[in-house]
Amino acid sequence: LPVANHAVNLNMPNNTPSAPPPEPPEVIKIDVDFDGTITWNGEVVNRSQMEDRFVAAAAKNPQPEIHLQPNRLVRYKAVAGVMAAAQSRGITKLGMIGNEQFLKN
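Note that the working numbering numbers the sequence shown so that position 38 is 46, with each residue one more than the last.
No lab work stands behind these hints, which were simulated from the structure alone.
Mixed in with the good hints there might be a few duds.
Below, computed lysine-lysine pairings styled on DSS-like, alpha-carbon distance capped at 25 Å [to be verified]:
| # | residue 1 | residue 2 |
| --- | --- | --- |
| 1 | K101 | K68 |
| 2 | K85 | K101 |
| 3 | K37 | K85 |
| 4 | K37 | K101 |
| 5 | K37 | K68 |
All chains should be modelled from the sequences, with the hints used to inform the complete structure.
As structure tokens, this is what we get:
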């Protein structure tokens with residue numbers, strides 16, 4: 009009979025410093041008001057300015073996150089236009105904020 013062995017071989021981590029946690033990405037907040045007015049981090053911009061800023065943001069590494077928050081009364085066409093402009097200019101990180109305002113009670 010083999011002798012009982014109470015040892016368990018484990019690969020334990022060595023005491024080397026780990027890489028620092030990654031920096032959180034830049035966040036750009038875009039609001040679309042009920043009348044279609046677009047604000048970029050609180051600054052009113054026209055469509056051309058917004059498109060130029062999308063190009064600049066898409067070129068950054070890492071790419072910033074775009075948080076799009078439409079007013080609940082805005083026409084969907086205005087919001088879809090912002091999303092299409094972002095996508096066509098290379099933005100890959102776009103999220104909708106405040107979707108719960110569109111739920112019916």
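Hint check:
1. Among the hinted pairs, K101 with K68 is consistent with the structure: their alpha-carbon atoms are about 12 Å apart, no more than 25 Å.
2. Our distance criterion of 25 Å between C-alpha atoms is met by K85 and K101, whose separation comes to about 20 Å.
3. This hinted pair checks out: K37 and K85 have alpha carbons roughly 19 Å apart, not beyond 25 Å.
4. Proximity of K37 to K101 is assessed by CA-CA distance (about 12 Å); at most 25 Å being required, the pair is judged to hold.
5. A hinted pair counts as satisfied when its Cα atoms are at most 25 Å apart, and K37 with K68 qualifies at roughly 16 Å.
Checked against the numbered hints given earlier, this structure breaks none of them.
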